[in-house]
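Chains A and B, in that order, are what the protein sequence lines are. Under our numbering, the residues of the first sequence are numbered 32 to 255, in order. Under our numbering, the residues of the second sequence are numbered 32 to 255, in order.
Please note that the accuracy of each hint is not assured.
Pairs count within a copy or across copies, as identical chains cannot be separated in the list.
[Stated by the list, open to error] The calculated BS3-like cross-link candidates involving lysine-lysine, where the alpha carbons are at most 30 angstroms apart (straight line), are:
#	residue 1	residue 2
1	151	204
2	176	46
3	46	144
4	141	151
5	76	144
6	175	151
7	40	179
8	151	46
9	141	46
10	176	204
11	40	141
12	175	204
13	46	179
14	175	46
15	141	108
16	176	144
17	179	204
18	144	175
FYI, nobody ran anything at the bench for these hints, they're computed from the structure.
Number of protein chains: 2
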Amino acid sequence: MTHFAKTEKTRVRRKPDRSHYDADTVYAILDAGFICHVGYVIDGKPYVTPTCYWREGDRIYWHGSHASRMLRAVEGKPACVTVTHIDGLVAARSGFHHSVNYRSVMLFGKPHKVEDSRDKLRALENFIERIYPGRWRELRSVTKKELKATTVLHMPIAEASAKIRSGGPVDDKEDYALPVWAGVVPLALIHRTPVPDSRLPRGARPSSCLFDFARLGMAPAHPA
Amino acid sequence: MTHFAKTEKTRVRRKPDRSHYDADTVYAILDAGFICHVGYVIDGKPYVTPTCYWREGDRIYWHGSHASRMLRAVEGKPACVTVTHIDGLVAARSGFHHSVNYRSVMLFGKPHKVEDSRDKLRALENFIERIYPGRWRELRSVTKKELKATTVLHMPIAEASAKIRSGGPVDDKEDYALPVWAGVVPLALIHRTPVPDSRLPRGARPSSCLFDFARLGMAPAHPA
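Turn these sequences into a full structure, and let the hints steer you where they fit.
This is the structure:
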């Protein structure tokens, strides 16, 4: 199993018992989502932009318009990519020990453009297929103009750490006797039934890739 | 209605039609969540840390251990606080126009410590009450040691912008004739039934503040 080296950037200082540096854990957290927050610096000041990402092997990818300030500012520069999943509210017997269950990953590196247009196209296919498996072949081809208007960045997953909190509250010994309810309120991201576009022909049905997002960590909703 | 000035940092460049600079919109997005991503700079390099936040009037607050690297690095320095809610996957008729529905806010400023211990205590009460209204009075008092071990930062909500995408796909004119399903898969954060801590006395019941998180933008789950 690959382990990432602890560096000055990735070594978890607070609650080191919650830290993980193995690729399996880091990849599992990355693969359970599709929204990251990209940190970058312009004129010495920090910016944080949410965007979609996907993983291919030991690289993380994200994309956008070639005119995107974020993409222009971060290309070839130090970036921090953070992915966070919130799993629960932890209600303890004291205010101090209230907490949140979460899984998060921080990645550090320098992203670079995917320059070759065939590589870029393949990356975009991987992105769509990651969210909607089988959809790529339902779609018309990407045009040259669209491909040109799109920047795809990739960054090695090399300087990485994960942090996980799970389970119930951990209270001070003497507080266990207090008559206060304590436990966890589980939280989850769910998807609902697809809502058709108003300009679709009547009776058009979504394909199966629009009903199953378990791989992205999302459960289906069960309407009342 | 307060409008935030567009600055070099907050002016939305990509898709400016999705941008909002009024306090009502910014506050509504902030109030519909409790997890932010804080961007800060150490040695010229960006860091992005997820943490809980809460709003009081025209200020945003977050907290942590006084030993937290993030809190120490960001205090009195330029910070970017980003809050993102993901509302749906937008499946268009072409790969290019696939999108995500979201509401996000970016705040820029310099956070400072809440120095006065009464102010700090009041801020922590507001934090707990924001997530669990009524819980503060169920809890034992915060100890001096706990208060000392906790740093609370506040930052004015002054340099701020919101960005919102909602609704269905917007496709190229000629693509509307394609036989491809298009629409939106709504996504939502939900909360499930509270899970009691294993050390609670049998029959202990959670109070009502553990069942309703609509104010944080979370719907209850409806189990199958």
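Hint by hint, here is what the structure shows:
no. : hint      : result
1   : 151 - 204 : between (56 angstroms within a copy, 25 angstroms between copies)
2   : 176 - 46  : between (49 angstroms within a copy, 18 angstroms between copies)
3   : 46 - 144  : between (35 angstroms within a copy, 22 angstroms between copies)
4   : 141 - 151 : within (18 angstroms within a copy, 39 angstroms between copies)
5   : 76 - 144  : both (23 angstroms within a copy, 20 angstroms between copies)
6   : 175 - 151 : within (11 angstroms within a copy, 57 angstroms between copies)
7   : 40 - 179  : between (35 angstroms within a copy, 27 angstroms between copies)
8   : 151 - 46  : between (40 angstroms within a copy, 23 angstroms between copies)
9   : 141 - 46  : both (27 angstroms within a copy, 26 angstroms between copies)
10  : 176 - 204 : between (64 angstroms within a copy, 16 angstroms between copies)
11  : 40 - 141  : both (14 angstroms within a copy, 22 angstroms between copies)
12  : 175 - 204 : between (65 angstroms within a copy, 17 angstroms between copies)
13  : 46 - 179  : between (45 angstroms within a copy, 18 angstroms between copies)
14  : 175 - 46  : between (49 angstroms within a copy, 21 angstroms between copies)
15  : 141 - 108 : both (5 angstroms within a copy, 23 angstroms between copies)
16  : 176 - 144 : within (17 angstroms within a copy, 50 angstroms between copies)
17  : 179 - 204 : between (61 angstroms within a copy, 20 angstroms between copies)
18  : 144 - 175 : within (17 angstroms within a copy, 52 angstroms between copies)
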